[in-house]
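Dock chain B against the given chain A, drawing on the hints supplied.
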Amino acid sequence: QKEVEQDPGPLSVPEGAIVSLNCTYSNSAFQYFMWYRQYSRKGPELLMYTYSSGNKEDGRFTAQVDKSSKYISLFIRDSQPSDSATYLCAMSEGNYQLIWGAGTKLIIKP
Amino acid sequence: DGGITQSPKYLFRKEGQNVTLSCEQNLNHDAMYWYRQDPGQGLRLIYYSQIVNDFQKGDIAEGYSVSREKKESFPLTVTSAQKNPTAFYLCASNFRPQHFGDGTRLSIL
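Sequence order for the protein chains is A and B. When the letters of the first sequence are read in order and numbered with the numbering used here, they come out as residues 1 to 110. When the letters of the second sequence are read in order and numbered with the numbering used here, they come out as residues 1 to 109.
If you are wondering where the hints come from, they were derived from the structure by calculation, not from laboratory data. Careful: at least some of the hints might be erroneous.
The list that follows gives simulated cross-link-like pairs (lysine-lysine, DSS-like), each with its CA atoms no further than 27 Å apart [stated by the list, open to error]:
no., chain 1, residue 1, chain 2, residue 2
1, B, Lys9, B, Lys70
2, B, Lys70, A, Lys105
3, A, Lys2, B, Lys70
Partial list, computed: chain B residues near chain A (C-beta under 8 Å) [stated by the list, open to error]:
no., residue
4, Gln41
5, Gly42
6, Leu43
7, Leu45
8, Leu90
9, Phe95
10, Gln98
11, Phe100
12, Gly101
13, Asp102
Pairwise CB distance ranges, derived in the manner of DEER restraints [unchecked claim]:
no., chain 1, residue 1, chain 2, residue 2, range
14, A, Lys56, B, Thr5, 28 to 36 Å
15, A, Arg41, B, Arg44, 14 to 22 Å
16, A, Lys42, B, Ile60, 16 to 24 Å
17, A, Tyr51, B, Gly2, 22 to 30 Å
18, A, Leu11, B, Ala31, 26 to 34 Å
19, B, Arg96, A, Ala17, 28 to 36 Å
20, B, Asp54, A, Tyr51, 23 to 31 Å
Ideal Cβ positions, reconstructed from N, Cα and C, are used throughout, including at glycine.
Pulled out of the complex, with its shape left as it was, chain B reads as follows:
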């Protein structure tokens, strides 16, 4: 089945640690996105990529980094510089409409 796979489903970060969230799609979409979702705030854009080897910052990119070496993959690293990383992270593909994975819930240990 075509779709977007995010892993892990739950992730815990220790103080000072970088963690990487995985996002893989087999829909052959060029565009991919990372969002952060906090209760009552909707979706906020972290980074997006329109094509392989290119990506742009969204509204809340500070403390995050991404890479886009393959069309199918768009991993997100939450660095130690992100002081409030606890949230639900969603990966999406396609420009319009966007299709989503089932998210990764990140918490601080």
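Chain A on its own, in the form it takes in the complex:
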């Protein structure tokens, strides 16, 4: 079993829909949680960075962490075709390594 599980998709939704992306993990020591967006042939770019449990909002993006369930989510409101990309979750205990999900490919249909 992988330490971090993420559905590879693709997830296809119509423009304007609310998108929910998720990762589950097995290591209860993870404290730092990140979401990255990666366009084709580009490097990942940081979207959200949260510590411990709770919610964080930035524009159309909301990150949620539920440590009791070992589950993190990224919500995208009012989705746009430009949001079509692969979304990667990453997490850390606090050492120098990040543990990555495999990524979910998201397609927003105009």
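Showing chain B alone in chain A's frame:
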């Protein structure tokens, strides 16, 4: 602009050849990382460096080598011992969160 520059964007390796991928950052970060990305597998850590003149192996270091002589630079050599080098290679800096370059795509001729 501050950032991470990876070069070249595309690279081809002949049989038995070593190739070196460049990574330069002007963000003044101490930590730097090299990842390999294959379709459907996410990012796998090859090597990382927390400080100049020091580096550690990641999960898939076999067939790769690195150096860290300057804070700004962390080149990766893919040696002929790496039998399946075709992949997208990503360099990152900073411990948390990490910031990435735009990658080098390596293929076999």
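Going through the hints against the structure:
1. B/Lys9 to B/Lys70: 22 Å, holds
2. B/Lys70 to A/Lys105: Not OK: B/Lys70 and A/Lys105 at ~37 Å, beyond 27 Å, violated.
3. A/Lys2 to B/Lys70: 35 Å, violated
4. Gln41: 6 Å, holds
5. Gly42: At 4 Å from the nearest chain A Cβ, B/Gly42 passes the 8 Å test, so the hint holds.
6. Leu43: Holds - the Cβ of B/Leu43 comes within 8 Å of chain A, reaching about 4 Å at its closest.
7. Leu45: The hint holds - B/Leu45 has a Cβ within 8 Å of chain A, the shortest such distance being about 6 Å.
8. Leu90: With a minimum Cβ separation of about 6 Å from chain A (threshold 8 Å), the hint on B/Leu90 holds.
9. Phe95: 6 Å, holds
10. Gln98: Holds. Min distance 6 Å.
11. Phe100: B/Phe100 check passes; min Cβ-Cβ to chain A is 3 Å, inside 8 Å.
12. Gly101: Holds, because the Cβ-Cβ distance from B/Gly101 to chain A comes to roughly 5 Å (cut-off 8 Å).
13. Asp102: OK, holds: B/Asp102 within 8 Å of chain A, min 5 Å.
14. A/Lys56 to B/Thr5: 28 to 36 Å: 30 Å, holds
15. A/Arg41 to B/Arg44: 14 to 22 Å: Holds: the Cβ-Cβ distance is about 18 Å, inside 14 to 22 Å.
16. A/Lys42 to B/Ile60: 16 to 24 Å: Given about 22 Å between the Cβ atoms, the range holds.
17. A/Tyr51 to B/Gly2: 22 to 30 Å: 24 Å, holds
18. A/Leu11 to B/Ala31: 26 to 34 Å: 32 Å, holds
19. B/Arg96 to A/Ala17: 28 to 36 Å: 31 Å, holds
20. B/Asp54 to A/Tyr51: 23 to 31 Å: This hint holds: roughly 27 Å between Cβ atoms.
In this structure, the earlier hints numbered 2, 3 are contradicted, and the remaining ones agree with it.
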